[in-house]
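S.K.: Heads up: the sequence lines are chains A and B, in that order. Heads up, this note's numbering is the position in the first sequence plus 7, with the first residue counted as 1. Heads up, this note's numbering is the position in the second sequence plus 3, with the first residue counted as 1.
Hints in this document: simulated from the structure, not taken from any laboratory. Be aware that a few hints might be false.
[Stated by the list, open to error] Quick list of in silico lysine to any residue cross-link-like pairs, SDA-like style, CA-CA up to 25 Å: (1) A:141 with B:44; (2) A:141 with B:54; (3) A:141 with A:66.
[Stated by the list, open to error] Beta-carbon label-pair distances, calculated as ranges: (4) B:126 with A:157: 38 to 48 Å; (5) B:30 with A:82: 29 to 39 Å; (6) A:82 with B:307: 57 to 67 Å; (7) A:31 with B:307: 35 to 45 Å; (8) A:168 with B:30: 56 to 66 Å; (9) B:275 with A:114: 44 to 54 Å; (10) A:34 with B:126: 31 to 41 Å; (11) A:38 with B:268: 50 to 60 Å.
Idealized CB from N, CA, C, for every residue including glycine.
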Amino acid sequence: MQSSGQVSQALDSEHRNNLDVLGRVEQALARSAGTTADGELARLLPAFVRLIEQDIGRHFDFEESELFPRMAESGDGDMAELMREEHDAIREVAAEVLPLARRAAAGSLDRAGFDALRRGASELIERQVAHIQKETMALLPLLDDLLDEDLDRDLAFAYATGS
Amino acid sequence: MPAVAALTLGMGLAFAPLLAAGALAIVCALLLYALLLVANLRGARGMPGVVAHGWAALGCLAVALASALALVGNYVDLPSLGRPAALALHVAFAGYGFMGLLALGLSAILVPMFTLSPLPDARRHLASCAFAVVGLGCAAAAALGNEPRAWQIAAIGAGTIAVALHLTLMHAALRDGMRHDLGRSFVLVKIAWVALAASLLAALALALGTPLPGLATLFGLLLVGAWLLTFTLAMLQRILPFLASMHAARGRRRPPLPSTFSTARPLAIHFACHLAALAGLALALATGSSALAALAAATGAGGAIAYLAFYMVLLRRLAAPAPAGSRPAVAGEG
């Protein structure tokens, strides 16, 4: 049974959307034998860029400011610290991949850049998948205990509205 | 590890003092393990089905250890529970109880984690646990009571319901998961699930006194080799690189990826050897061929060596000094 909390459901939904995009990018990269982004990969790149630009940072910032401190207070500080370290690593890879993905989406990436995009995207995808696996099993089930009904509703509203 | 070796050697050589010493050391080790498990279960939050399986497994461990000591008592001529009853208790409570319930309980974490599926329905998971516990209670009554066949059949019936509920949950996790290309490890997991169900069928045939040669040994092969061992090796080859990556993460700016700790070739060799060994042993039992059994055992040993190679590579990579930063992901210029 999935957690009934609104925050948990929002995060899980974003995880699933991210995984959907990343999975399709992974498959498109694997199928792309060429040296440029064309066909399916070209169609996916705008969503990939948007995911890196907006979703990853916003999602991570929310967890770090609102959830990890509560995890630490309730005795799961080690897990929160591990998640934070993984966020830093993913941010670093994402920062390297983003300009390449933007140029590929604009059709201005050369062969070396495309190879670098392929490597970087593969690393980003593996890190994100492993991170989401951990959060799904370790973080989301905790939220029912960490957040009471009012706090859960307030945080979910704040996250949805970006306030 | 030395205790397991001593126990196995004591059994093989029919040398009771060595057997007893090994068994006592294993009991001590498992008691320490039980203390750790209690501490973890007391601190557990959420996932009531997993926690229930853990507590039930802990109770089964107590029965498994008591029955193991009774079996040792029989070997060294100390007064204890009769060997048939102790053996029946030990097989049920160690195989299906302690190890089996841990496997079924932790599956509710591991399978959704690797398939990226929603968590299993907690009520169904709890119901599966409850039927398993009822089945084990019936197995205890069969071992200790006056109507063993009726209790055995009741135990198998309850166990079958528990397994059916569990497999329904696992099927849903595979169906609804976002990762469908799960590799060889999940082929092994699926084979292990089939073996779990087949072990109950073999148990029923045994309870009904079906005159099949080698049936009791086949039951043991299905329960221990094909279900528990296959499942454990399958999950370990997925979880070890994952844990190694987490362990290596501390203090690194960009920790190594789980995939950097895995090696495909040893696992491919293990996969082929393990399945060939199981099939060979089953065929050896059906034909009564000791030569085939020896060949199957040698094949299984080859698989074990390959698995060891996978683990050694993982440990070597884990022990390697951290490079500055980590692997550079992207360096190209466009």
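S.K.: All hints, please: hold or fail.
M.R.: Hint check:
Distance restraint check for residue 141 (chain A) and residue 44 (chain B): the Cα-Cα separation of roughly 19 Å lies within the 25 Å cut-off, and the hinted pair is therefore satisfied. Distance hint between residue 141 (chain A) and residue 54 (chain B) is fulfilled; the C-alpha atoms sit about 18 Å from each other, no more than 25 Å. With a CA separation close to 15 Å, the supplied pair residue 141 (chain A) and residue 66 (chain A) stays within the 25 Å bound. Our hint of 38 to 48 Å for residue 126 (chain B) and residue 157 (chain A) is violated, since their Cβ atoms are close to 27 Å apart.
Here the CB-CB span from residue 30 (chain B) to residue 82 (chain A) is close to 32 Å, well matched to the stated 29 to 39 Å. Distance hint check for residue 82 (chain A) and residue 307 (chain B): the Cβ-Cβ separation is about 40 Å, which falls outside the suggested range of 57 to 67 Å. Here the CB-CB span from residue 31 (chain A) to residue 307 (chain B) is close to 39 Å, well matched to the stated 35 to 45 Å. At about 59 Å, the beta-carbon gap between residue 168 (chain A) and residue 30 (chain B) stays in the expected band of 56 to 66 Å.
Between residue 275 (chain B) and residue 114 (chain A) the Cβ separation comes to about 46 Å, which falls inside the hinted range of 44 to 54 Å. The given range of 31 to 41 Å is respected by residue 34 (chain A) and residue 126 (chain B), whose C-beta atoms sit roughly 36 Å from each other. For residue 38 (chain A) and residue 268 (chain B), the hinted distance range of 50 to 60 Å is not satisfied, since their beta carbons lie about 25 Å from each other.
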